[in-house]
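*Asks:* Here are the chains, one letter per residue:
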Amino acid sequence: MASFAEIRLEPGVARGLKRGDRSAQGIAYRVLAPTVMGLACRILQDEGSAQEVVQDTFVDLIEHARTLKDAQAVVGWVRQVAVNHCLMRLRSPWNKRRDELDADPAGDVYVDMAEGAARTEGMQDIEKALSELEPETRLVIWLHDVEGYTHQEIAGLVGRTASYSKSQMARGYQKLAKRFRGTEDGIENTASRSARVP
Amino acid sequence: MESKTPLADLLAYRDGEELPADVARAIEGDPAAQGELEKLRGIRQQLNALPAVLPDPAVWEEISRRAQPPRSWTLRYPLATAATVFLAAALTIVAWNPLGNGGAGAGPEPVVVADGALVDLMSRSQALESHLPVQGTPAGQLAWGSAEEALRYRIADIDAQLMRIYETEPVDVERREALWRQRVDLLESLTQVQRGQAVVRPAIY
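Protein chains in written order, with the numbering used here: chain A, 189 to 386; chain B, 18 to 222.
Treat the hints as calculated values from the structure; they're not laboratory data.
Be careful, since some hints might not be right.
Calculated lysine-lysine pairs in the DSBU-like style (CA-CA distance at most 30 Å, straight line) [as the list claims (entries may be wrong)]:
| # | chain 1 | residue 1 | chain 2 | residue 2 |
| --- | --- | --- | --- | --- |
| 1 | A | Lys-206 | A | Lys-257 |
| 2 | B | Lys-21 | A | Lys-206 |
| 3 | A | Lys-354 | A | Lys-366 |
| 4 | A | Lys-363 | B | Lys-21 |
| 5 | A | Lys-354 | B | Lys-21 |
Could you put the whole structure together from the sequences, leaning on the hints where they help?
*Replies:* Written out as structure tokens, the structure is:
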């Protein structure tokens, strides 16, 4: 999956967005929405909430595009807004309640949100491993390892210290690493095959 | 064999963060730590390789329905531009006044020299506008796709064309009159829609 840092928007698209041009909005959506959706799915682990994040992010983009400076500013802005919408949902009481209900010790609440996409068994396993982490731990790992946020930046987002971000990361990796062992060819998944995978 | 190096240090090393020299040396000289590092790099690699997820096609439709795209100021506040158009019209008419004596020190007399039909249209346009109940409402606040919104945007478009006409010389008199006529027709339709009659005249230009 392309991270936001790898996405390039044509300057013409950004200019079109500023003008409220419908086709530019469509292009920006096609280019950016899968990454926004991927980010939201992995952080929130709920497809419905992820779709809402995509919706809210692009409504914000269309309504505020005229304030953006250039094409690359659009991509960074979309990433920031999408992360903020994810954070808002993670902090909502409703979401917390849902997480409590989903805290199944058998670990069989994993939902395949990338259904239909070409996926390997290893991908399904890392996806499942990620889904089993605490929401904030997952957020820290995704923002750091995929989106390239620094611990300082993550700390600013979640209102904690960089040390907190680092400890969340270590805690998450401890769980992730238990599911994998290194081989000469790289990483091989050793997660329990009995876990329910859709 | 498991490394004795704390996971936080291994992650910091993997990510190129600053570590005390002795910690870094210990990691480099420890085969178990190197094995763990490989594992950590592999996990990061797998996270980055996860596929993008396509949103449901209905999401874009919902965005289109909800979003109020930015518009030029003439489109955001269509009827507010009317005053500017009138001002431009009046100034131009005054500036072109062929009846003015044009002598040194003599300013142009504020005489409107438009022909009777145009003056009637302008007066009618002004009267209709003054009776609109939600005069000056930003179009962005209207229901997306409503008849009222469509009419306001068309009026805004006419205003923009009128502004351009008054900015260029020579003024295309016929075009100017046609635009004023369209403006009056659209305002009449808007008045009807706002009165709840919802009868939009087929004023498609």
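*Asks:* Take a quick look at whether Lys-354 of chain A and Lys-21 of chain B sit within 30 Å of each other, Cα to Cα.
*Replies:* holds (18 Å)
*Asks:* Is the straight-line distance between the alpha-carbon of Lys-363 of chain A and that of Lys-21 of chain B 30 Å or less?
*Replies:* holds (17 Å)
*Asks:* Starting from Lys-206 of chain A, check that the Cα of Lys-257 of chain A is at most 30 Å away, please.
*Replies:* Within the cut-off at roughly 9 Å; holds.
*Asks:* Would the pair Lys-354 of chain A and Lys-366 of chain A pass a check requiring their Cα atoms to be no farther apart than 30 Å?
*Replies:* Cα-Cα ~18 Å, so holds.
*Asks:* Please work out if Lys-21 of chain B and Lys-206 of chain A have their alpha carbons no farther apart than 30 Å.
*Replies:* violated (55 Å)
In this structure, the one hint that does not hold is number 2.
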